[in-house]
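Modelling step: build the complete structure from the supplied sequences, incorporating the hints.
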Amino acid sequence: MTNKPPSRPEFSRRAFLKGASAVAAGSAVGHEIAAATQPESGATVFGTELHTIELTVNGKPKQVKVETRTTLLDALREGADLTGTKKVCDRGACGGCTVMLDGETVNSCMTLAFDAVGSKITTIEGLGTPDNLHPMQKAFVECDALQCGFCTPGMIVSATACVQKRGKPSLDQIKADMSGNICRCGTYTRVFEAIQKVGGQKVEGR
Amino acid sequence: MAREEYEMKVGFAADQKTVKIKIPDGDLKPWDLDTKFETVGTDVDRIDGIAKATGTAKYTFDVNLPGMLQGVMLRSNIPSGRVKKIDFEAASKMPGVRAIVPLKDPAEGRRNRVRWVGDPIAAVAADRREQALDAIEKIVVEYETSQAVIDMQDGEDAPKLEGGEITSPWPDKGNERMEEALGECKHTRSGTWFAEVQTHSALESHGHVCSWDDDKGTLEVWASTQATFGARFGLARALNIGGDKVTIHAEYVGGGFGAKFSPGTEGVACALLTREAKAPVKLMLDRFEEHTCAGNRPSALMQIRAGIDADNTITAWDYRCYGGPGYRGRGGRTTFPRSYLEDAHVRATQKDIATNTDAGRAMRAPGWPQGYFAGEGMIDALAEAAGIDPLEFRLHNESEKLREAEWRMGAEKFDWAKRWQPYGERDYGKRYLKGAGMASAMWGQMGHRGRGSPNAVKVRIHADGTVESRNGAQDIGTGMKTVLAMLTAEELQIPVGTIKVTMGDTNDPAGPASGGSTTTPSLAPAARLAAGMAKNELRTLVAEHLRVEEDKVTVENGRWGVPGGKTLLFEEACKLIGPQPIEKVGERTSNYKGYKNNVCGCQFAEVEVDTRTGFVRVTEMLGIQDCGTVIAKKLAESQVLGAMIGALSYTLHEQRIMDPKSGRMLNGDLMMYKIAGAADMPKLTAHMFPVANGKNSVGAAGLGEPPSVAGPAAIANAVANAIGAPVRNIPITPDQVLAAIDSKKGGK
Numbered sequence: 001m002t003n004k005p006p007s008r009p010e011f012s013r014r015a016f017l018k019g020a021s022a023v024a025a026g027s028a029v030g031h032e033i034a035a036a037t038q039p040e041s042g043a044t045v046f047g048t049e050l051h052t053i054e055l056t057v058n059g060k061p062k063q064v065k066v067e068t069r070t071t072l073l074d075a076l077r078e079g080a081d082l083t084g085t086k087k088v089c090d091r092g093a094c095g096g097c098t099v100m101l102d103g104e105t106v107n108s109c110m111t112l113a114f115d116a117v118g119s120k121i122t123t124i125e126g127l128g129t130p131d132n133l134h135p136m137q138k139a140f141v142e143c144d145a146l147q148c149g150f151c152t153p154g155m156i157v158s159a160t161a162c163v164q165k166r167g168k169p170s171l172d173q174i175k176a177d178m179s180g181n182i183c184r185c186g187t188y189t190r191v192f193e194a195i196q197k198v199g200g201q202k203v204e205g206r
Numbered sequence: 207m208a209r210e211e212y213e214m215k216v217g218f219a220a221d222q223k224t225v226k227i228k229i230p231d232g233d234l235k236p237w238d239l240d241t242k243f244e245t246v247g248t249d250v251d252r253i254d255g256i257a258k259a260t261g262t263a264k265y266t267f268d269v270n271l272p273g274m275l276q277g278v279m280l281r282s283n284i285p286s287g288r289v290k291k292i293d294f295e296a297a298s299k300m301p302g303v304r305a306i307v308p309l310k311d312p313a314e315g316r317r318n319r320v321r322w323v324g325d326p327i328a329a330v331a332a333d334r335r336e337q338a339l340d341a342i343e344k345i346v347v348e349y350e351t352s353q354a355v356i357d358m359q360d361g362e363d364a365p366k367l368e369g370g371e372i373t374s375p376w377p378d379k380g381n382e383r384m385e386e387a388l389g390e391c392k393h394t395r396s397g398t399w400f401a402e403v404q405t406h407s408a409l410e411s412h413g414h415v416c417s418w419d420d421d422k423g424t425l426e427v428w429a430s431t432q433a434t435f436g437a438r439f440g441l442a443r444a445l446n447i448g449g450d451k452v453t454i455h456a457e458y459v460g461g462g463f464g465a466k467f468s469p470g471t472e473g474v475a476c477a478l479l480t481r482e483a484k485a486p487v488k489l490m491l492d493r494f495e496e497h498t499c500a501g502n503r504p505s506a507l508m509q510i511r512a513g514i515d516a517d518n519t520i521t522a523w524d525y526r527c528y529g530g531p532g533y534r535g536r537g538g539r540t541t542f543p544r545s546y547l548e549d550a551h552v553r554a555t556q557k558d559i560a561t562n563t564d565a566g567r568a569m570r571a572p573g574w575p576q577g578y579f580a581g582e583g584m585i586d587a588l589a590e591a592a593g594i595d596p597l598e599f600r601l602h603n604e605s606e607k608l609r610e611a612e613w614r615m616g617a618e619k620f621d622w623a624k625r626w627q628p629y630g631e632r633d634y635g636k637r638y639l640k641g642a643g644m645a646s647a648m649w650g651q652m653g654h655r656g657r658g659s660p661n662a663v664k665v666r667i668h669a670d671g672t673v674e675s676r677n678g679a680q681d682i683g684t685g686m687k688t689v690l691a692m693l694t695a696e697e698l699q700i701p702v703g704t705i706k707v708t709m710g711d712t713n714d715p716a717g718p719a720s721g722g723s724t725t726t727p728s729l730a731p732a733a734r735l736a737a738g739m740a741k742n743e744l745r746t747l748v749a750e751h752l753r754v755e756e757d758k759v760t761v762e763n764g765r766w767g768v769p770g771g772k773t774l775l776f777e778e779a780c781k782l783i784g785p786q787p788i789e790k791v792g793e794r795t796s797n798y799k800g801y802k803n804n805v806c807g808c809q810f811a812e813v814e815v816d817t818r819t820g821f822v823r824v825t826e827m828l829g830i831q832d833c834g835t836v837i838a839k840k841l842a843e844s845q846v847l848g849a850m851i852g853a854l855s856y857t858l859h860e861q862r863i864m865d866p867k868s869g870r871m872l873n874g875d876l877m878m879y880k881i882a883g884a885a886d887m888p889k890l891t892a893h894m895f896p897v898a899n900g901k902n903s904v905g906a907a908g909l910g911e912p913p914s915v916a917g918p919a920a921i922a923n924a925v926a927n928a929i930g931a932p933v934r935n936i937p938i939t940p941d942q943v944l945a946a947i948d949s950k951k952g953g954k
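Quick mapping for you: the protein sequence lines, in order, are chains A and B.
Per this note's numbering: the first sequence = residues 1 to 206.
Per this note's numbering: the second sequence = residues 207 to 954.
Misleading hints may appear alongside valid ones.
Stated by the list, open to error - Listed next, the in silico DSS-like pairs over lysine-lysine satisfying Cα-Cα at most 30 Å (straight line):
#1 B/K790 to B/K264
#2 A/K65 to B/K264
#3 A/K138 to B/K839
#4 B/K344 to A/K65
#5 B/K664 to A/K197
#6 A/K175 to B/K636
#7 A/K197 to B/K264
#8 A/K197 to B/K889
#9 A/K168 to B/K706
#10 B/K889 to A/K165
#11 B/K264 to A/K120
#12 B/K880 to A/K175
#13 B/K790 to A/K175
#14 A/K175 to B/K839
#15 A/K65 to B/K299
#16 B/K950 to B/K624
#17 B/K799 to A/K175
#18 A/K165 to B/K880
#19 A/K138 to B/K706
#20 B/K664 to B/K799
Claimed, not checked - From chain A, some residues computed to sit far from chain B (all C-beta separations above 12 Å):
#21 T52
#22 K60
#23 D102
#24 E104
#25 G118
Unchecked claim - Covered stretches of chain A, as calculated for chain B (at least 3 residues, CB under 8 Å):
#26 63-75
#27 89-99
#28 189-203
Think of the hints as simulated: they come from the structure by calculation, not from any bench.
We treat Cβ as the ideally placed atom computed from N, Cα and C, and that holds for glycine.
Here it is as structure tokens:
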């Protein structure tokens, strides 16, 4: 998963959910962010109020209103209405919410929206559109590597990263790289075919 | 209704039959063995694949309406008791809270009972989900707890178990005759099997977006459902309003697998919240709720004793099952393979044991994978008693000609003779042992006409050449939309890509719940008929235009007109349509006698067992599956592959672990509840076996259940073949594999 740049403020979702001590820690860090993003409320202590932050999603700036505990996943889906990224387990176990953060795949449900400020975020919508499909999206359709389609956006983001990283991945490498993405309909072997089809091609991820 | 006599050829190459049927007036002549298809049976891309692959497909979870609130449920944290008091005072004062609805009534005996950890107590809608979550923490509930039964074995009427075997006496009823049949056998075998609870775990959780219009008194709903019309019925009833006041949308559904037939308490709560708050509300279950409050495949404890005669024919089969369907105490029945038992005296006894756990729901072939796991395990045990190859033993006892052909095809493609390990001792000094197993499948659904309004499909042809096919039921990922498109394309002789299919809107014609593999066979004939009716209408326009008699106009190679004379391309013919599109509704008629009333199928598995760790790896699976007319071949294969993967996951990995004290599921997430992933995948192959079943004008059967039946048994039999001893507990965990190996070693 991702390596966070050291400059990014460090606080976890878990700590925030735990109460008083976390609030104090959050408030200390929060001043920096508050200064940088000028929250509407002008609050000095971070609780459950909303802050406006700017995320760079698929090459475009997006202003979203979030609490400090809001995940990147919720910020994308509800704040930016980019609902291609799916919420499935909400605890980093299934890969349904996979996006790229500065070119590395992350579970957006395990990433705070605040932590994504300043990073380049790529979602499924940023890889390709119905009129201009990304090669991986095209391969998924052609290989029928999707059934209900709910795991598909996360699968495609992970698959794209796999080919970007490996070039022409072997089946074992594909299996290893796709191990973070769960599918309930059982599309895995079709997914492998799609990745092998794209493998060796140069694929972009904005 | 006037009926036309029609003779058609049904079955498959090695088993052809001619049947005479009477076709209702206006319906199309059924496709049969001689039919040559243009589109049907070919590999076509899923028509909503691009929307799904680009993230533009909007699922219920993705619906964001202006001013929409977020709903959250408060659920009981005790497994058994009563709600004595609920205090909403503090919660109602929490920031952002806009509505609270109680789902228990402390004053009313029937509505205050708590039946499992997760029983709904109340629901809250707030501006943001975080606020709703904060608010439910402030609801104060006083419980009166009572003794809970968490493990089936602690339930009332639970059987006695010793060393994993049921030791309770067999039932009295019919026992004398049964003992007699068993007594006459040359060899008898007995055994006890257990299959653990499996949760559906659809990736899109259960939930709804409900929007109440206070002026009109109407409810608009986006539902993650596998029964749009059932959802309309259920929510209208919950709000005590007419069915005409409720509209359901379910354009995309992120899986169902049998758990999404009813709107559930969460749907009712969402509808009550939106009416109370007078704002749209989204209420989607979280993953823990999905595991613990949204249904499951019940557990089953099964025992079989059976025997064969000197001819290796099965002559006695005594089966009993204790189902574990949770708090409702029903729905745990299982089904064992019967196609081997034509000459057997059969007895089946089933009993469900209630526990204070979430209630079971239908799940892909409800009760069949469990019963086949035990039943096909017994078939292997009998084959070993007979001392003959399991394939040969099955072929000897098989009564289905169709499956017999499938056994032979599968055995050849899988190279069964090479992979299956002969009976005898295994060399446990080897680190890895391989083995192979097989099992049959069956399912008996050929679709239906529907109740109330018949299942129907609407086809529209517009002057610009656009063709629509519409039905109000849902495509939960099976490929139903693609099936409608392909049938329309076949009938109109136009490319699939030009057809726009709309499903999942209850304003469109009626369709079935997606259950029991009935959606395809119920809708396919209606889709074909609607397209045929629209085609006739267009042909009339072409005849008028060409000034020829209507029955002279044919459609050949995409050209409409009189062969040898003037003809029009489809697009040119469409220009004859005015501003009102051609619109025809095809209604499903009743089934004909056809070839047979069920589908068969079989699966083969090869495993590799690590004798040191007990870890089982499936190295290969192969499925042979018939489903009548194979319409969307690539998608049909996908569904068979998916079912085999589901079977692998169920057989080796999935295990609901309950805390016997608190009644709470200890692994109610996707981290500790293991679902098979990419690294677990074997080589998988699916072969479709086309059959002209003649049950209706299309002759299609569904594929949700049939390929889900055989897999667990095939894998379990492969494990037994590899290590020379069966493991009769699903999931087959490494500790059990090692224990089975140890018991064999000890026996030496």
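Here is what the structure says about each hint:
1. B/K790 to B/K264: holds, 28 Å
2. A/K65 to B/K264: Roughly 22 Å separates the two Cα atoms, so the pair holds.
3. A/K138 to B/K839: With Cα atoms ~19 Å apart, A/K138 and B/K839 stay inside 30 Å; holds.
4. B/K344 to A/K65: holds, 25 Å
5. B/K664 to A/K197: violated, 38 Å
6. A/K175 to B/K636: Between A/K175 and B/K636 the Cα gap is close to 27 Å, so the pair holds against 30 Å.
7. A/K197 to B/K264: holds, 27 Å
8. A/K197 to B/K889: holds, 17 Å
9. A/K168 to B/K706: violated, 37 Å
10. B/K889 to A/K165: holds, 25 Å
11. B/K264 to A/K120: holds, 25 Å
12. B/K880 to A/K175: The hint holds at about 16 Å.
13. B/K790 to A/K175: violated, 48 Å
14. A/K175 to B/K839: holds, 26 Å
15. A/K65 to B/K299: The given pair, whose Cα atoms are some 23 Å apart, holds under the 30 Å limit.
16. B/K950 to B/K624: holds, 24 Å
17. B/K799 to A/K175: violated, 47 Å
18. A/K165 to B/K880: holds, 27 Å
19. A/K138 to B/K706: Distance of about 20 Å is within 30 Å: holds.
20. B/K664 to B/K799: Holds, at roughly 26 Å.
21. T52: holds, 15 Å
22. K60: A/K60 clear of chain B: closest Cβ-Cβ about 15 Å, beyond 12 Å.
23. D102: Holds, since 20 Å exceeds 12 Å.
24. E104: The assertion about A/E104 holds, with a minimum of 19 Å to chain B.
25. G118: Holds, since 24 Å exceeds 12 Å.
26. 63-75: holds (count 4)
27. 89-99: holds (count 7)
28. 189-203: Check passed, 4 qualifying residues.
Violation of the numbered hints given earlier is confined to hints 5, 9, 13 and 17; the remaining hints are satisfied by the structure.
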